[in-house]
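Asker: Residue numbers (our numbering), protein chains in the order written: chain G, 381 to 611; chain H, -11 to 97.
Among chain G residues calculated to face chain H with C-beta under 7 Å, some are: (1) Ser550; (2) Val553; (3) Arg554; (4) Gly557; (5) Gly561; (6) Val595.
Pairs of lysine-lysine residues, derived as BS3-like cross-links and limited to a Cα-Cα distance of at most 30 Å, are as follows: (7) G:Lys419 with G:Lys434; (8) G:Lys436 with H:Lys(-7); (9) H:Lys25 with H:Lys96; (10) G:Lys436 with G:Lys455; (11) G:Lys425 with G:Lys464; (12) G:Lys464 with G:Lys434; (13) H:Lys(-7) with G:Lys434; (14) G:Lys455 with G:Lys425; (15) G:Lys419 with H:Lys(-7); (16) G:Lys455 with G:Lys523; (17) G:Lys434 with H:Lys(-9); (18) H:Lys(-9) with G:Lys436; (19) H:Lys(-9) with G:Lys419; (20) G:Lys515 with G:Lys464; (21) G:Lys464 with G:Lys520; (22) G:Lys464 with H:Lys67; (23) G:Lys436 with G:Lys419; (24) G:Lys523 with G:Lys464; (25) G:Lys434 with G:Lys455; (26) G:Lys426 with G:Lys436; (27) H:Lys67 with G:Lys455; (28) G:Lys425 with G:Lys436; (29) G:Lys426 with G:Lys464; (30) G:Lys455 with G:Lys515.
If you're looking for bench data, these hints aren't it; they were derived computationally from the structure. Only a predicted model underlies this, so the values are computations on that prediction, with no experimental measurement involved. Beta carbons: idealized from backbone N, C-alpha and C, even for Gly.
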Amino acid sequence: MEHGFTWFSLLPFIANNPERQLIFTTIFVAAILCIISIKILFSIKKSPNPLIPKEKFCFQNFFELIIQATINIMKDIIGPHAEKYLPLIGSLFVFIFFCNLLGLIPGFLPPTSNLYTNGACAIIVFLYYNYQGFKEHGIKYLKHFAGPLIYLAPLMFVIEVISHLFRPFSLMVRLYGNISGDHAVLAIFSSLVPLIVPVVFLILGLMVALIQAFVFATLSTVYIGLAVSHE
Amino acid sequence: MKKWKMLLVVIGVMLLVCSSVLAEEGGTAAAEGSLAKGLIGLGAGLAIGLAAFGGGLGQGRAAGSSLEGIARNPGASDKMFVPYILGLAFIESLVLYAFVIAFLLRTKM
Chain G
381 MEHGFTWFSL LPFIANNPER QLIFTTIFVA AILCIISIKI LFSIKKSPNP
431 LIPKEKFCFQ NFFELIIQAT INIMKDIIGP HAEKYLPLIG SLFVFIFFCN
481 LLGLIPGFLP PTSNLYTNGA CAIIVFLYYN YQGFKEHGIK YLKHFAGPLI
531 YLAPLMFVIE VISHLFRPFS LMVRLYGNIS GDHAVLAIFS SLVPLIVPVV
581 FLILGLMVAL IQAFVFATLS TVYIGLAVSH E
Chain H
-11 MKKWKMLLVV IGVMLLVCSS VLAEEGGTAA AEGSLAKGLI GLGAGLAIGL
39 AAFGGGLGQG RAAGSSLEGI ARNPGASDKM FVPYILGLAF IESLVLYAFV
89 IAFLLRTKM
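Using the sequences and the accompanying hints, generate a full structural model.
Answerer: As structure tokens, then:
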């Protein structure tokens, strides 16, 4: 989608190249997250007893809140072994949430409003849950594809493979459609009525950013849970 | 404290002004008279309109029955939250496929 002006178009070597701007924006978000996590790591190392939460609201409390909520939801879905899968799901949630939030700042395109970033995340999820399935069940993981009856297996196998291949595609398109649609609505309304009214859509954008990151992480959790479950 | 409030107000005003300056110009130039372009536009509009119609009905049913469930048993609302959001996301993704197709059609105009 055409975007009027972005702050990154001021940089000389990526000025007229949307793909490079996209890569730069993604790296920007990742760098912010790295800086925040290094800062939190040092503050945890410095504090005498890290189990006691900080008095003021700071980044550490914020991320503890997010991680705790993520673990609770994952335990509801996968079961007691859910913490094994926390690194991927938690970082996906935080990364996508911050990417979506970047779109609310005027002059930034959210990195998730195109198919490339989302496709990368979705393909990683696809490879990861299949890998975990094979790791958990060995070669018996292929039984998940075969269906309940042995003589229906050839038919079921094709259908299951297609439905599995469709999962990363639907993850990708869902995130892309929501975020770019939300961005387009914000752009159109702020060109119609520049004052006051866009605030409503900024609040809507905040909700969409949170809910879409949540949905992406939860669906990845559901896929992992289906792959590793003993049924 | 006063400094912080002033800073917040200034940032808010800056954001408002920025968003009005940066906002895109609505509407592209009118398609130049050919029937094919008109049909493509019609197709794109019909696609997203019909998809929004069906998706609205589906999400309305889902939200209505979940509210009914919460009204009967308010304690269940925590457990219903995740499946409810997931169900809405699945319904919504069908609408978004239509949105993407309408968007692709728009770029062909």
